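Trainee: Sequence:
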Amino acid sequence: MPHRPGKHSAVGLRGPSVVDLSRGRASLLGMKHMVPLLALMIAVPQGAVAAECPVSPDHIADIDGLIAQAQNAQDEREASGISGEMWRFWTDAPDAQAQSLLDRGMARREAWDLIGALDEFNALVEYCPDYAEGYNQRAFVNYLRQDYGAALVDLDRAIALSPNHVAALSGRALSLLGLRRLDEARTALKDALALNPWLSERALLASGGPLDPPGEDI
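Quick note on numbering: the sequence shown equals residues 971 to 1188 in this note's numbering.
Source of the hints: derived by calculation from the structure; they are not laboratory data. Keep in mind that this is a model prediction, so the values were computed, not measured. For each residue, glycine too, the CB sits at the ideal point set by N, CA and C. Check the hints yourself; a few may be wrong.
Pair by pair, the computed Cβ-Cβ distance ranges are [as the list claims (entries may be wrong)]:
#1 Gln1041 with Ala1176: 32 to 42 Å
#2 Asp1073 with Gly1148: 18 to 28 Å
#3 Ser1177 with Asp1073: 20 to 30 Å
#4 Pro1183 with Trp1082: 16 to 26 Å
#5 Asn1042 with Asp1083: 34 to 44 Å
#6 Glu1022 with Arg1047: 39 to 49 Å
#7 Asp1045 with Asp1100: 30 to 40 Å
#8 Ser1050 with Ala1176: 12 to 22 Å
#9 Glu1022 with Glu1048: 37 to 47 Å
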């Protein structure tokens, strides 16, 4: 940051006098004692004064309960409502700042401002590195940009933070499909469907679908 210019002192304009030199000697003695203090101030990590993201809300039990409901849902419509409840918990950010970044990123993505959305999600991940949804949303943007490798990295991180994140699991399958890693994509999708058998991505495993299991040789 540029320093704010100060006013020129009389000393700086006319040169030092004997009195000025005497004062300067005293100032130097004072500075000798200030140096350790300055060193201590510089040594304080910036994170100590910067705002830190709170711990993410614990919705594990809520999500587990909704997964059980999805597994027992009678039809796709019922399961869709349950999925909406899951999203309500996944998108519950740790604090107002994180929520604002998440909401702005999702709004920009919906407006197809993918670069702007990435900026918001990058800031969210930097601020809240342990919040799974930041990675999941950034992965979705990269998936839309067809950067499947970048999406996969973020999805792996989201799943590590939230193992039962059904959307991240299905997104991982789609990213692997985009990378033409079909066997891995098939396995990933089956893992997601084990949690929610009503996912629309199940059509990928249907006969003739891109992840249709290969037939056995006779």
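Trainee: Each hint needs a verdict: does it hold in this structure or not?
Mentor: Now the hints, each set against the structure:
1. Gln1041 with Ala1176: 32 to 42 Å: Once the Cβ atoms are compared, 20 Å apart, the range 32 to 42 Å for Ala1176 and Gln1041 is violated.
2. Asp1073 with Gly1148: 18 to 28 Å: Taking Cβ atoms as reference, Asp1073 and Gly1148 lie about 27 Å apart, which means the hint holds.
3. Ser1177 with Asp1073: 20 to 30 Å: violated (40 Å)
4. Pro1183 with Trp1082: 16 to 26 Å: violated (35 Å)
5. Asn1042 with Asp1083: 34 to 44 Å: holds (39 Å)
6. Glu1022 with Arg1047: 39 to 49 Å: holds (42 Å)
7. Asp1045 with Asp1100: 30 to 40 Å: At 36 Å between Cβs, range holds.
8. Ser1050 with Ala1176: 12 to 22 Å: Distance hint for Ser1050, Ala1176 holds at roughly 19 Å.
9. Glu1022 with Glu1048: 37 to 47 Å: holds (40 Å)
Checked against the numbered hints listed earlier, the structure breaks hints 1, 3 and 4; every other hint is satisfied.
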